[in-house]
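A.B. asks: Hey, can you work out the whole structure from these sequences and the hints?
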Amino acid sequence: MSQSIVIIGSGFAARQLVKNIRKQDANVPLTLIAADSIDEYNKPDLSHVISQSQRADDLTRQTAGEFAEQFNLRLFP
663 MSQSIVIIGS
673 GFAARQLVKN
683 IRKQDANVPL
693 TLIAADSIDE
703 YNKPDLSHVI
713 SQSQRADDLT
723 RQTAGEFAEQ
733 FNLRLFP
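According to the numbering used here, the residues represented by the sequence shown are 663 to 739, in order.
The reader is advised that the hints may include incorrect statements.
Unchecked claim - Straight-line Cα separation of at most 16 Å, EDC-like style, residue types lysine to aspartate or glutamate; simulated pairs:
| no. | residue 1 | residue 2 |
| --- | --- | --- |
| 1 | LYS681 | GLU702 |
| 2 | LYS681 | GLU728 |
| 3 | LYS705 | ASP719 |
| 4 | LYS681 | GLU731 |
| 5 | LYS705 | ASP720 |
These aren't lab readings, by the way, just hints derived from the structure by calculation.
C.D. replies: Below, the structure written as C-alpha cells:
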C-alpha cells in the first residue's frame, strides 16, 4: 500500500503545499479537507463586491473542481 498525504485547510498555504508536493511527486495520493468551498479568489477584491454589484462567481479565479483536476487530488469541502 502506498503512502498518501492529507492536507487540512484550504487557504493560500494549503494550495501552495499542494503545488509544491506535485512538483516533487506527481503520483502520491493527495487529499484536501476543508470547511469551505475551496474556490480560489483574491481577498482584496472582496472590498469591491457591494460597490460594483458583483457576485461570488465574479471573484472566483479557479473553482475547487478545476484545482482538483489540475493537481490530481481528492477534495472534501
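A.B. asks: Are the hints correct? Go through all of them and say.
C.D. replies: The hints, checked one at a time:
1. LYS681 x GLU702: holds, 14 Å
2. LYS681 x GLU728: holds, 13 Å
3. LYS705 x ASP719: Distance ~14 Å between LYS705 and ASP719 Cα, so the pair holds.
4. LYS681 x GLU731: With a Cα-Cα distance of about 12 Å, the restraint between LYS681 and GLU731 holds, given a limit of 16 Å.
5. LYS705 x ASP720: holds, 13 Å
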